[in-house]
Structure formats: C-alpha cells, structure tokens
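4 protein chains.
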Amino acid sequence: MKKIIGINSSPRLKGQASKLLDISLKAASLQGVKTEKIDLYLYRIEPCIGCVSRDQRLCRFPCVIKDEANKIMDKILESDGMIISTPVYWYSPPGHLKNLIDRMTALENMIEIEGRSLLEGKVVGVIAVGNDSGAYSAASQIASILVTMGAAVPPWGIAFYARPEPADSNKSILEDAANVGRVVAKMVNMLQKIEWYDPDILNSIF
Amino acid sequence: MKKIIGINSSPRLKGQASKLLDISLKAASLQGVKTEKIDLYLYRIEPCIGCVSRDQRLCRFPCVIKDEANKIMDKILESDGMIISTPVYWYSPPGHLKNLIDRMTALENMIEIEGRSLLEGKVVGVIAVGNDSGAYSAASQIASILVTMGAAVPPWGIAFYARPEPADSNKSILEDAANVGRVVAKMVNMLQKIEWYDPDILNSIF
Amino acid sequence: MKKIIGINSSPRLKGQASKLLDISLKAASLQGVKTEKIDLYLYRIEPCIGCVSRDQRLCRFPCVIKDEANKIMDKILESDGMIISTPVYWYSPPGHLKNLIDRMTALENMIEIEGRSLLEGKVVGVIAVGNDSGAYSAASQIASILVTMGAAVPPWGIAFYARPEPADSNKSILEDAANVGRVVAKMVNMLQKIEWYDPDILNSIF
Amino acid sequence: MKKIIGINSSPRLKGQASKLLDISLKAASLQGVKTEKIDLYLYRIEPCIGCVSRDQRLCRFPCVIKDEANKIMDKILESDGMIISTPVYWYSPPGHLKNLIDRMTALENMIEIEGRSLLEGKVVGVIAVGNDSGAYSAASQIASILVTMGAAVPPWGIAFYARPEPADSNKSILEDAANVGRVVAKMVNMLQKIEWYDPDILNSIF
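Residue numbers (this note's numbering), protein chains in the order written: chain X, 328 to 533; chain R, 328 to 533; chain Z, 328 to 533; chain B, 328 to 533.
Mixed in with the good hints there might be a few duds.
Same chains, same label: a pair holds when it works inside one copy or across any pair of copies.
Straight line, CA to CA, 25 Å or less: simulated SDA-like cross-link-like pairs of lysine to any residue [as the list claims (entries may be wrong)]: (1) 402 - 437; (2) 361 - 491; (3) 393 - 366; (4) 341 - 378.
Hint data in this document are derived by calculation from the structure and do not stem from the laboratory.
Input sequences plus hints: build the corresponding full structure.
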C-alpha cells in the first residue's frame, strides 16, 4: 500500500492548517493509501549550515546535524507522497518549515553522492492558509522548490486561502484542501517508479 | 499517440529559448509522443480585458477577442502536454507570454460553465533562460500558475539558466532542458484521463 | 512643483484599481505635488523584442518600436514619482502592464549609453487589487523590478487587497491606497536629486 | 550620527555574504554614518509561534520568547537603516533569517498596540549571493516584506549575485554591494523622521 505523509507546519496543533490537513489526508485515504500526520512544531529542527557550499559532497543523508530533522526525513523517505499544510508568515512559509526544507538538501543532494535525489518521483501537495494576503505566494514557493528537488505536483495540487474568516467556515477551501489529498493520492497510484532524470540523455539526442 | 506542444516565447526564433525547446521536444519524441513547436511571437495576442471580473460566466472558450490566441488555445486543447520555453524579462515571463496566459483564463474558467477546466490533467514543463538573474523566478511563476489552472508538473519539470555564457555551451542546462521533455512525455504516458477535481468530495468525507 | 503620475493598468476605466488610484493621487496632491492619471488600456503597447540581448547598446530611449509606449515613457520622465495601480491576473500584473515594464528597459538601459538609468531616483508606489489571492505577489513583483531599475519605494509604498468584496467598501484598503499616495509624495519632496549609483565606488573603498 | 546595522545571515562568518556586507558597510560609513555588523548565526533564534493569530494584541515588543531575537531587535530599533546580506537557500532566505523576520512581527505589530510600527521609516538594503539561480528571488522577497513592515528601499537598494564563481572575483557585484551601503546611508541622511502612515487620511480626502 502506498503512503502519504502530511506535515502540519503551524505552531497551532489544532489550528486551521492542521484541520485542512486532516481533511486532505482523509480524502487521500479514501483513494486507498496509508497516511500519517506530522506536527512539525513538535520536532526540534536546527538551521542548515550549508555544508554544500564548502564542498558539494559533504551534504548527504543522514544530515550531520543531530537534531530531529533526520526523523522527519526518514518518514519522507518511507512515503510516496507528501502534503504540506502551512500557515502564512509574511507571504511565505514560517522559518521553522523553511529550516526543514533547507535541511532536505541532504535528500536532494544525494544526486552528487549516488547520482539520484532521494525525493525524485515523490508527489507533493501544498495547502497554505492565512488571514491576510500571501497564501498563494507561500504555497507556490514550497511547490516550486520541491519540483526542483525532484518531486511532482498533481493537477490542483496547490490550495490556498487568505481571508479573515476561519477556513473551516468556507466550503470552497475545504473542497480545495480535500482535493489536494485526492489528487496527490491519485497521482501516487498512477506514477510508476522510474528513474525520471536521465543524466546521459544528450547521448540519445545528438 | 499522445501529443506535446512546445511554445517558444522569445522574439528570437533561433535564440537560446528556441534551441533549448528544440532539444526538449526531441527528447520528448524519443518517448513516443508527437510534438509541435509554436513560435509565440508569430501570433498576434491582444491583452485580456478581464470579462471574468464583470461576470464570472462571461469568460469562456473560445475567447471573445478575435485575434490569434484562440488558434494557440486550440493547439493546447489538442495536446496532452505543453513545454513553455521563455526568455527572462525582468525576472518573469515577457508580457507577450503573460498575455497568452491571461487569455488562457478562457480555458480554465470553463469550470464555471461546464464544471471542468479545459487544462485539467495536462502536463506542463517550463524552461527559462536569461543572461542575468531571475530565471528561477520566471520558471516557477509560470509553473505555479498552470498548476492552479489544473495542470500537473512532473519531477524535474522546471529548468532554468541564468548566466552570461550562451546556454548551448553549457552541458548542464542542455541536459536539464532535454530532461524537461523526457519527464513531460513520461508523465503524459503514465497519467490516465480522469476527472481530477471532485466538486462533491466533501460528501464522501463528512 | 514636483509631479506624480498614476498608471491604471486595468481594462476597466472606472473599476477598483482605478478608484483606488484616484484616492491615492488625491492624497498625493494634498502633499503639494501635481498629479496626472494614465489609463494604460487606452494606449497601444507592443511586446518588447529584446534588442538588448542582441547588443546591449541597441536598447535606448526612445524605443525603436513606434507605438504609444514612448508617450507613456515621456510622461514617466517628466515625473518625480509614479503610482501603479493594477488588477491581479494570475497573481501578477496583466500582460499589458508587463509589456510596458519590459519596454521600460529603454529607460533603464541608458546606463549602458549615458551611464545613468533614466529611472534613477524616481519614487514608486504600487496598489494591487484582486478578488482572489495573489495581490501581494503582483504588487511586490512590480515594486522589486522598479527598484532594480533605479527607483525607490517609500515606507508603506505597497498596498494590496484580495477579497471578493469590492475594495471601495473596505476602509482598510482605502486607507492603505491613500497612504501610498501620501508616502510617495512625501518621499518625492524629501529626496534630493543626486547620482545615487556611484560607478567608481570601489576606488574610495579599497 | 545616524546608524546602520548590517546583518550577515550566512553560517559562514567569513563567506561571501559576509564579505559583501563588509564592503557595503564600509561604503555606508563613507557617507558619515556609524555601522555595526551582526552575525546572525551567533544568535539563538527560536521559531515564531504566531501569537498574533490567537489575539492580535498579544504580539508586541519585546517578544515573549526568551531567546536572543530581542537582542537583535534592540539593535534594529537603535538604528536608522539596515543592510541584510544573505546566502540563497532554495531561492529564498535561510530558515534562520526567516525566523528572525517572523519574529520581527513583534516590532511591526506595535501598530495594534501603540498605533505605529517600530520599523516605520527605517531604510533597508538587501544583498543576496548564491552559486546558482534564485538570488533575485531571495533579495526581492526580503525587501518586499520589509516595505510592508514600514521600511523604505532606496534606488539600487537590492543587489544579487548568482554565479558559480566567487562573488569577490566579480567587480560588478562588488560595486553593487558597495552601492547598497551608499544608497542606504544617503537615504538615511535625507529622510526626515515623520509619521509616514496617516491613519486618519480618509478624513482629509472625502
């Protein structure tokens, strides 16, 4: 059975990002996948110290920093898809989530060590919820980064909500968040496990 | 046979965006799909006049503006995937490409008319090439917009290059651009035609 | 007397972007500056053809394309500040406005011809108004581009509004838009005319 | 004498972001201002816990979290301008810097407590340096956020560099970084201390 993890990056464990994630994971499970929820603020995550800038081969999984980021990355590795649900802090993800993303360089940079990003082919969905502007901006930032780490984004895989009214009183964002779970699971079930990036591709073209 | 169209949004018909697109389409065709290239600057595309803000049901395909945008949208509709290769004008797509994207609201807004975006399930890849900074910014902007119109982005579906040296002297961007074609075609071949967004999803959850 | 021009980049000449701009220009005039309003959709603006990529010295003001962009650029040159009020099309400025910005390379690129951007020291404010998400994203994109062309942005010089209710029923965005006019005018009155960028600066440092 | 602080947000205390910042602060000091440099990675900064979402009046300076963020905010408060020099982690500021920015909500949100953001009227410059794409994206994100907190950005106040070669071997980025210091200091010297945002502005307009 395929597996999808949900990451709630809000300090509020029962806040709006968390609730929308629950709905999203519920919708995913209806497509026949296992799900697991992670509350990011329960994990200690130190800032990335950018070993990769010193020597590209220094950065590898597991990361040398001995906090709890590797635990989360273990869970990401076991899963086929990932849904990130985030509050919007200044039109972008909170620093705590950004720290996790920075640290995930250890997964992506395995390209330099083993020739393959450990995130390649994972399917990613993003939900961003704020009470002012910037929700699109935060969601698209996360999704774009993950594509350049090797992940895929399904149709309607980005949902965002930026209004003063609580998200769970708005039918439209509830539908969008649930559909993020649906489409991530649908795509996880459709995609075969292949080596997506072909490092020798130019030989077959020229 | 599945089909992928490539859109060169550079005024230079044989410039770098165009060459990278050629390589990308070549790589796509090696995966067993038909390809077609469109030079956007050969088409007259007027600015969107935002009918949708007046009345959400006014905006539908074909667009009421009688220029050549509908011709391109016809080609998009016939295809299963799309690769957009663009120069970088001020860290973002040129206004001419943005005009096309704005006009593609006529495809996306069929949600309001027929319950379904005409772009749903199409696979999109983006290549951005500049001689200064901003290539990531341009590429991610295009990809994110298209996801929120209903398209999917495959692993490594975004490539960007921002250096003063010509792109075709840089092996890494040639590989990245070729792989954009490969992964768009791979994903086009893997994805089934389904209705991705379920408007009644909440009924199955609550 | 200093002068500020306002650019309404909405096709709706009496729509929300236009109304907020009127209020903003009114607030500016209360600071003792002249104002003028331009409706961008009344001007024909062709796409930039990127001469600068062929030869950096080819792009200069007035632009070689014989449409009405030079007229607007004439007005920008006569002014000390500029307020751009825009609707949000897919989280970013409409292609028509982006075409103007692309064409304004002819003003910025005078660095290569005469050693000085013709936009240097102008003060810029931005108002973005949409009925969905993306208003911050559109506003910040415009402001950031203009800073890298040589313009300054005053405190609170960016205002954005992204809600389904009409902007003119929302006191907060009316205040923000008015303050954009106020701060642009305040800063125009405070800034001296100097050469901001010193091309020989390294000589005084090392 | 006016004062400008420089924040190096790289874990490398003598890396490229740090060196460019030194040059920038040197150029600032030549304009007759005091300068002070802060190495952000020497400070412990916990993630923001978003009190403001629970009750808008809970978030105020000094922040309730008892780490070293308040020390940095003290230094920001004493200064008239700020130059942030940052490495680029995934096209955006490192999580550690984002955590500081999130925590600076305590300064901005004094609007709700005392009617005035404590960052209002401060002048901000940004330098972003990476060895791949995304430097513009990181720099503009930081600058835009700070404008919406009440800061101003001078002409040429954003500099970015994204190439594999070391920044200090590139004359153009050295000039740009030095000019960031120059223009921030120039603007600090020109701007008067005023209340920029007028909360009663509509009374004078309607």
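Verification of the supplied hints:
For the identical chains of this complex, residue 402 and residue 437 are intra-copy neighbours only, at 17 Å inside a copy versus 39 Å across copies, given an alpha-carbon limit of 25 Å. Taking the shortest alpha-carbon separations for residue 361 and residue 491, neither the intra-copy value of 33 Å nor the inter-copy value of 37 Å comes in at or below 25 Å. In the homo-oligomer, the alpha carbons of residue 393 and residue 366 lie at most 25 Å apart both inside one protomer (19 Å) and across protomers (23 Å), since each shortest distance falls under that limit. Taking the closest pair of Cα atoms, residue 341 and residue 378 come within 25 Å of each other only across two copies (14 Å); inside a single copy the shortest separation is 36 Å, beyond that limit.
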